[in-house]
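Q: Place chain B on chain D using the hints.
There are 2 protein chains.
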Amino acid sequence: MSKALRIGVAGLGTVGIGVIKLLREQADLLEARAGVALTVSAICARDKDRDRGINLSGLVWHDDPVSLANSPDIDIFVELIGGSEGPARLSVEAALKAGKPVVTANKALIAHHGMSLAQAADSSGVALSYEAAVAGGIPIIKAIREGLVGNRISSLQGILNGTCNYILTTMRDTGRAFDDVLAEAQELGYAEADPSFDVDGVDAAHKLAILASLAFGAEIDFDAVYIEGIRAIGSDDMAYAEEFGLRIKLLGIAEDTPDGLVQRVHPVMVPATSPMAAVEGVFNAVVTEGDFVGLSVLEGRGAGEGPTASAVVADIVDIACDRAGHAFGVPVNRLKKRATLPIERHTGAYYIRLVVLDQPGVMADITAALRDNGVSLENVIQRGHDPEAPVTVVLTVHETDEASLLAALAIIEKLDSVVEKPHMIRIEAS
Amino acid sequence: MSKALRIGVAGLGTVGIGVIKLLREQADLLEARAGVALTVSAICARDKDRDRGINLSGLVWHDDPVSLANSPDIDIFVELIGGSEGPARLSVEAALKAGKPVVTANKALIAHHGMSLAQAADSSGVALSYEAAVAGGIPIIKAIREGLVGNRISSLQGILNGTCNYILTTMRDTGRAFDDVLAEAQELGYAEADPSFDVDGVDAAHKLAILASLAFGAEIDFDAVYIEGIRAIGSDDMAYAEEFGLRIKLLGIAEDTPDGLVQRVHPVMVPATSPMAAVEGVFNAVVTEGDFVGLSVLEGRGAGEGPTASAVVADIVDIACDRAGHAFGVPVNRLKKRATLPIERHTGAYYIRLVVLDQPGVMADITAALRDNGVSLENVIQRGHDPEAPVTVVLTVHETDEASLLAALAIIEKLDSVVEKPHMIRIEAS
Numbered sequence: 228m229s230k231a232l233r234i235g236v237a238g239l240g241t242v243g244i245g246v247i248k249l250l251r252e253q254a255d256l257l258e259a260r261a262g263v264a265l266t267v268s269a270i271c272a273r274d275k276d277r278d279r280g281i282n283l284s285g286l287v288w289h290d291d292p293v294s295l296a297n298s299p300d301i302d303i304f305v306e307l308i309g310g311s312e313g314p315a316r317l318s319v320e321a322a323l324k325a326g327k328p329v330v331t332a333n334k335a336l337i338a339h340h341g342m343s344l345a346q347a348a349d350s351s352g353v354a355l356s357y358e359a360a361v362a363g364g365i366p367i368i369k370a371i372r373e374g375l376v377g378n379r380i381s382s383l384q385g386i387l388n389g390t391c392n393y394i395l396t397t398m399r400d401t402g403r404a405f406d407d408v409l410a411e412a413q414e415l416g417y418a419e420a421d422p423s424f425d426v427d428g429v430d431a432a433h434k435l436a437i438l439a440s441l442a443f444g445a446e447i448d449f450d451a452v453y454i455e456g457i458r459a460i461g462s463d464d465m466a467y468a469e470e471f472g473l474r475i476k477l478l479g480i481a482e483d484t485p486d487g488l489v490q491r492v493h494p495v496m497v498p499a500t501s502p503m504a505a506v507e508g509v510f511n512a513v514v515t516e517g518d519f520v521g522l523s524v525l526e527g528r529g530a531g532e533g534p535t536a537s538a539v540v541a542d543i544v545d546i547a548c549d550r551a552g553h554a555f556g557v558p559v560n561r562l563k564k565r566a567t568l569p570i571e572r573h574t575g576a577y578y579i580r581l582v583v584l585d586q587p588g589v590m591a592d593i594t595a596a597l598r599d600n601g602v603s604l605e606n607v608i609q610r611g612h613d614p615e616a617p618v619t620v621v622l623t624v625h626e627t628d629e630a631s632l633l634a635a636l637a638i639i640e641k642l643d644s645v646v647e648k649p650h651m652i653r654i655e656a657s
Numbered sequence: 228m229s230k231a232l233r234i235g236v237a238g239l240g241t242v243g244i245g246v247i248k249l250l251r252e253q254a255d256l257l258e259a260r261a262g263v264a265l266t267v268s269a270i271c272a273r274d275k276d277r278d279r280g281i282n283l284s285g286l287v288w289h290d291d292p293v294s295l296a297n298s299p300d301i302d303i304f305v306e307l308i309g310g311s312e313g314p315a316r317l318s319v320e321a322a323l324k325a326g327k328p329v330v331t332a333n334k335a336l337i338a339h340h341g342m343s344l345a346q347a348a349d350s351s352g353v354a355l356s357y358e359a360a361v362a363g364g365i366p367i368i369k370a371i372r373e374g375l376v377g378n379r380i381s382s383l384q385g386i387l388n389g390t391c392n393y394i395l396t397t398m399r400d401t402g403r404a405f406d407d408v409l410a411e412a413q414e415l416g417y418a419e420a421d422p423s424f425d426v427d428g429v430d431a432a433h434k435l436a437i438l439a440s441l442a443f444g445a446e447i448d449f450d451a452v453y454i455e456g457i458r459a460i461g462s463d464d465m466a467y468a469e470e471f472g473l474r475i476k477l478l479g480i481a482e483d484t485p486d487g488l489v490q491r492v493h494p495v496m497v498p499a500t501s502p503m504a505a506v507e508g509v510f511n512a513v514v515t516e517g518d519f520v521g522l523s524v525l526e527g528r529g530a531g532e533g534p535t536a537s538a539v540v541a542d543i544v545d546i547a548c549d550r551a552g553h554a555f556g557v558p559v560n561r562l563k564k565r566a567t568l569p570i571e572r573h574t575g576a577y578y579i580r581l582v583v584l585d586q587p588g589v590m591a592d593i594t595a596a597l598r599d600n601g602v603s604l605e606n607v608i609q610r611g612h613d614p615e616a617p618v619t620v621v622l623t624v625h626e627t628d629e630a631s632l633l634a635a636l637a638i639i640e641k642l643d644s645v646v647e648k649p650h651m652i653r654i655e656a657s
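As given, the protein sequences belong to chains D and B, one line each in that order. Heads up, the first sequence is in the working numbering, so the first residue is 228 and it goes up one at a time. Heads up, the second sequence is in the working numbering, so the first residue is 228 and it goes up one at a time.
Derived from the structure by calculation, the hints contain no laboratory data. Do not take every clue at face value.
Coverage of chain B stretches by chain D, computed from C-beta distances (three or more under 8 Å per stretch; other residues unrestricted) [claimed, not checked]:
1. 256-270
2. 367-379
3. 515-522
4. 540-548
5. 559-565
Please read all numbers here as calculations on a predicted model, not as lab measurements. For each residue, glycine too, the CB sits at the ideal point set by N, CA and C.
Excised from the complex, chain D in its bound form (with noise of 0.2 Å):
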């Protein structure tokens, strides 16, 4: 057991700085796990005398990513630099190409580039491993591929992004607003100064690609994911899903239909109940169902340096260990070009909250909307009455195909009562 594992660390944030760490502190444990030491012996990052808070001296240093993937110093190539484009990019294509095992945490990167990347190594007959680009607390990359291996998926859903569902948790445990708990989240490091990608779903959506891929053994087709983010959450549709029993949550949905897959990522009203419901904070989980499984969920930390550099560890030992097999389960030329179901061929219940002025007649015009359409109306709450002022309406619908919805939300909408655009929010039923 003299040979050691030599590792490039690209990207020395957080993560990148956890990994190091990870290495060092559990050093003769993975040694023990791994059969071989495993040694960071060259990083890169943009600034090479910022203070990191660890020792990189007797590290070998790196200005260009690319130039660490070439480098003949390394074994693995960990890519912790992020974004799907530029330097993250083209040093994990330069690994591959070199013929070096590439490690990444960059979900954005294997969204949109999975099936090249996948590709390439594929032909160099490397590992293309990326445990931590989703869910970096659950080892959800190696359950779906390895652990349900025996079984068709039919669907799977997740809580995917744990600055949404931090931000929804404290939503509804205080009562506070959208963006007073977003800007709350980025004073506490748990949003980013641009908190877009997560609070309008992509980061999600990202996650979802993935893993629909993985578990229907289908091309990644981020392109194909339906989104919707969170900022439109008013802490009045808080108190109204608990009012109904329900609770608000971002969630990610892939199912494998005859029809075509969907991919679709948007709050959702779960019962309280629900597994998914009690979910809170900065956790993700997922959810499988499976032929032979049944149900399987997994639940632990989204992301964080510890949680992420776990899963990125896993990853390097995996390679150690020889056993990381192929990047989507299967070779990529086995993955199926699969069509979309589009978000309007979705049948579900819903809730609708509505602006309206407090005239006589605009309750028989809006639920006359929905009839036409042939939407069944459940519930309604309106509270108060004011001849001043616009109220509020609040509906829940029955199980109706989305299309229907928005034809008749169409017509709600042009109402000379209705005042502001309809809100909507899909119900899941578990």
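A: Chain B only, in chain D's frame:
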């Protein structure tokens, strides 16, 4: 991809038949994922002529599992006979000695002989895989051994026996008594004709001992597991738990402490809002705590044909892909012999139910016994008042060490007014 991996299945009960069904139904999928066809070539069971509902013609029949294990017709030996001794043990030993990888669902075998079997596997350089032995529907062995490989795990707890969880869930939902619900579970096939392995906690203890070994890098020490089953749980305990905001679960708990390993299986009251409280019916769940990853929760079906077959096949694919590794994550000789922390050193809160004669001074005597042993009372409930018949008194006490509590209970038990041996249930904070 012309070569097929030939599988020998010993034991054709529900799980054995499930494995054969899965391998047949998913043959194409599995060949794509494993890179080689997986075919059952030979089988063995006690009764050759029994109709098992599937076509077994064309498979080589063995009357003796040892002869199957030694047969040149198979590349992998799958042991689904059960039991820690006899044919199961002999055939697994024979297969390993013959240099054949083994997949087993047999927790009793691994809990009792896992060390010597893993040693035999290491000596022959073949795999000994047992994902199906613990919580079939949850890839927990793989998650701990590979997914969390970068972590020192400090503790784990699990609902590891679906039969007990089903009984406890049904008792709570219906208010019915243990014997009544057990009889129903037996009719429904959720409990064995001889239920003692399940309801007395032995099955959960087998699984806990395996998980503890894997998580802590320790030699399996089944005899060190403290075991209490669920037979003594009354419907009144269920009702009182509910009143305190708690639920009763049979948990397996393992902790790595500086003074030794904790391994205990017993009924526990947990907060009704805790993740474990939400695991209902035949579901299993395992929570692990790792130093970098934090808390991870895995939940799924514990047993049954489909989930167990799914786990067996996952192990077969790992072997086909040559990625099974060491049975306990490291070579057996690197596992450490660890001391056990006896249950008397446990500290925690407790629930106590007493049946007493409603005489003057009885409460004073009880509370004095607690006080004299340094045990601090939290709640007392005594309802009604009947000079003719014994009444129930329920207490909860703040965190104390178990030795002190037992000393107090020994005194309480001897009081003239106390007419039954005190019933005690440990309370866990999370």
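Q: Next, verify each hint and record whether it holds.
A: These are the hints, each one checked on the structure:
1. 256-270: Since three or more residues must qualify, the claim that chain D covers the segment 256-270 of chain B holds, with 5 doing so at under 8 Å.
2. 367-379: n = 9 at 8 Å, threshold three: holds.
3. 515-522: holds (count 6)
4. 540-548: holds (count 5)
5. 559-565: violated (count 1)
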